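A.B. asks: When we follow the numbering used here, the leftmost residue of the sequence shown carries the number 109, and every step to the right adds one.
In case anyone wonders, no lab produced these hints; they're calculated from the structure.
Incorrect hints may appear among the rest.
[Claimed, not checked] Below are the DMTMM-like pairs computed for lysine to aspartate or glutamate, each with C-alpha atoms no more than 20 Å apart in a straight line: (1) Lys-243 - Glu-202; (2) Lys-172 - Asp-257; (3) Lys-286 - Glu-506; (4) Lys-212 - Asp-223; (5) Lys-187 - Asp-223; (6) Lys-366 - Asp-288.
This one's a predicted model, so the numbers in the text were calculated from it and none came from an experiment.
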Amino acid sequence: IKGVIPEKKPDVIELEDKKNGLKETPPISKIVSTSSKQEKNKSILQDSIINPFIDGPQPINENKEAETGWLKQTVSRCKGALQQFQLRSKLLSESLTPNAALLKFQGSSNLKVDDILKRQSELLTTHGLNIISVKGEPGIVAISIARPDRKVLHLFQVWKQWIPNIENGNDEILIGIKEDDSGLLFFSPKKNSPHTLIAGSTGSGKSVLMQNIILAIACTNTPDQSKITLIDPKLGVDYFAFEGLPHLQGGVIDNQDKAIEALSELTIEMDRRYNILKQNRVSNIYDLNKKEGATEHLPFLWVIHDEFAEWMMTEDYSKVVSNIVARLGVKARAAGIFLIFAAQRPDNRVMPMQLRANLGNRLILRVDAEGTSDIATGEKGAGAEKLLGKGHLAAKLEGEEKIITAQVPFLKTEEIESIVRGLLSQERKS
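Work out the full structure: start from the sequences and follow the hints.
C.D. replies: Here you go:
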């Protein structure tokens, strides 16, 4: 299942902060499946409840001239600094991301990633260049320099570029805009690992990322195509807006015993699903749901566990969770059971190595320390402690060679509530 990335890249916009910025949702129509027959310029879920947000008037960037001027000054200062360091450089490209100026220089024996990294402090204090990251690409040294004023990406402006295939259910979830090329960033339990770890400290944007994921699942799947189990030890304070979501099984679970019960049922359900696959002579849920005359079509099961570290300090809970995740392992992909575990600080005390190994996708926002970054990403020196917060993301996806830096889009609570009301209304009418 692949999302389509149009040639036109999404605009970076400033979010208007107006209390009355939302329009009333018009009468709800049926969700229209996005198929190969659909025109390529159509966006996600045409004629549905999100049209007021996608098609409504958009903020105009009135500071474009100032941004262009800052980019030129930054390029000039960077080239001057490299020349002062006697690092001969050829600038290949320059661009603005929501968070930075991205400058790509031709790599050579005279300009390497380490040459920039070891001068990072001097570049900041002497030349006023706040280096976020320095990455090596084939023949290229890419330098990201923080903008003085970050731009806010709105969820529905990003979704406007997304055309998912939702005919048999969608598991390819859009989570942000990549900083290297402004393309769309997806994670998929089919393409990548079936299980995912999310980490980020206070103010990192972890809750907004989780809300993005839940809304993306709900808006690209009917309740018959995807079901969500949501566990939150914080009494669901970040998820009140999702109350009534028809995809949500049992509301928000905020009790350990109920969470253990829900998690324990997963292995039983996985075995049941494998028997169904065997009966229908298919090897995975994707083929089963496409098969005409199948004895049963199965929904994806998404288990989203926020702040799991809080309960992992309890021995019984830790044992149950570790055993279940180990049992599911990679077998869960074929069965359509996907785990997403989130924590502020997934250190060794609450996240044993075997548990981390089974959570193959890593969606890491800003963390407090380099050691936490190394544990969370599974890669030494990944630099998640240097991220800017508020949705600035380092994604290490199974099957991808390198960490991808991206920006998670923002959405308001009242927008979530409006979408959930619309989805609930659709479900009642169907």
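A.B. asks: Indicate, hint by hint, whether the structure satisfies it.
C.D. replies: Hints, verified against the model:
With a C-alpha separation of about 15 Å, the suggested pairing of Lys-243 with Glu-202 holds against the 20 Å cut-off. Only pairs whose Cα atoms come within 20 Å are accepted, and Lys-172 paired with Asp-257 is accepted, the gap being roughly 12 Å. Among the hinted pairs, Lys-286 with Glu-506 is consistent with the structure: their alpha-carbon atoms are about 17 Å apart, no more than 20 Å. With a CA separation close to 14 Å, the supplied pair Lys-212 and Asp-223 stays within the 20 Å bound.
For the proposed pair Lys-187 and Asp-223, the alpha carbon gap of about 14 Å is at most 20 Å, so the pair holds. Note on Lys-366 and Asp-288: the hinted pairing is violated, with a Cα-Cα distance of about 43 Å set against a maximum of 20 Å.
The earlier numbered hint that this structure contradicts is number 6, and it is the only one.
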